[in-house]
Amino acid sequence: MQHYKLTYFDIMGLAEPIRLMFAQAGVEYENVMIPDEDDDPTWEKLKPTTPHCQLPILEVDGKVLAQSVAISNYLAKKLGFDGQNEWESAKAQELVQAINDVRQQVRAWRKEEDEKKKAEILKKLEHDVVTPYFDRHEKFLAKNGSGYFVGSHVTQADLHIFNTLQWWQNNHLFTEAFKNHPKIGEFVEKIANLPNIKKWIEKRPKTAV
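Residue 1 is where the sequence shown starts when you use this note's numbering, and the numbers rise one by one after that.
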């Protein structure tokens with residue numbers, strides 16, 4: 001049996017879809033969460049030992065793999081979240097990249113400290129970014145017809161999309177877009193109620209991000 005060790009900060013962030021894959025697969029791994037604090041020396045000591053001075057990293061029997069997308073693609077193949085054929089694999093990777101693009105755009109509001117400006121940014125993001133994304137992805141769900149985005153089983157795409165959308169819901173973001181796209185909400189609920197995912201969500205550390 002392979003030994004997996006995932007190292008990231010003590011937040012959800014880029015590592016959470018990877019943790020969701022381990023959870024859904026029922027595969028044991030070592031989940032190392034280091035303090036995400038400027039005054040804690042743990043990361044500064046670890047940083048030069050990582051391939052790109054970044055986290056997360058995944059160690060597989062002592063071999064190190066870096067970059068969250070590479071880790072996700074590797075584990076999708078190993079743990080059964082890569083679709084049933086090459087086309088489904090490629091489509092799942094496409095949708096992972098799409099939600100990552102949206103996440104990057106949405107992050108803009110967190111850098112703004114003025115509450116009025118922050119509200120304006122969120123409103124614009126909801127109109128210009130999130131609503132069109134939901135429009136497209138409701139169509140993807142309808143076309144696929146299984147309740148998942150690709151094929152008839154959970155893929156890494158479902159877990160990446162779920163992770164971001166549930167975080168938005170939990171933080172009461174883009175409520176109008178969710179209200180106007182009930183199929184998106186149904187998808188989030190479907191993934192959240194998968195027994196292994198539900199168990200992980202109930203026990204995972206509660207973090208702000």
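These are computed hints drawn from the structure, not numbers from a lab.
Errors might be hidden in some of the hints.
As a list, the in silico BS3-like pairs of lysine-lysine whose alpha-carbon atoms are at most 27 angstroms apart [stated by the list, open to error]:
#, residue 1, residue 2
1, Lys5, Lys77
2, Lys198, Lys91
3, Lys78, Lys179
Results for each hint:
1. For the given pair, lysine 5 sits about 17 angstroms from lysine 77 by alpha-carbon distance, which is consistent with the 27 angstroms threshold.
2. For the proposed pair lysine 198 and lysine 91, the alpha carbon gap of about 26 angstroms is at most 27 angstroms, so the pair holds.
3. With a C-alpha separation of about 36 angstroms, the suggested pair lysine 78 and lysine 179 falls outside the 27 angstroms cut-off, and the hint is violated.
Hint 3 alone, counting from the list given before, is not met by this structure.
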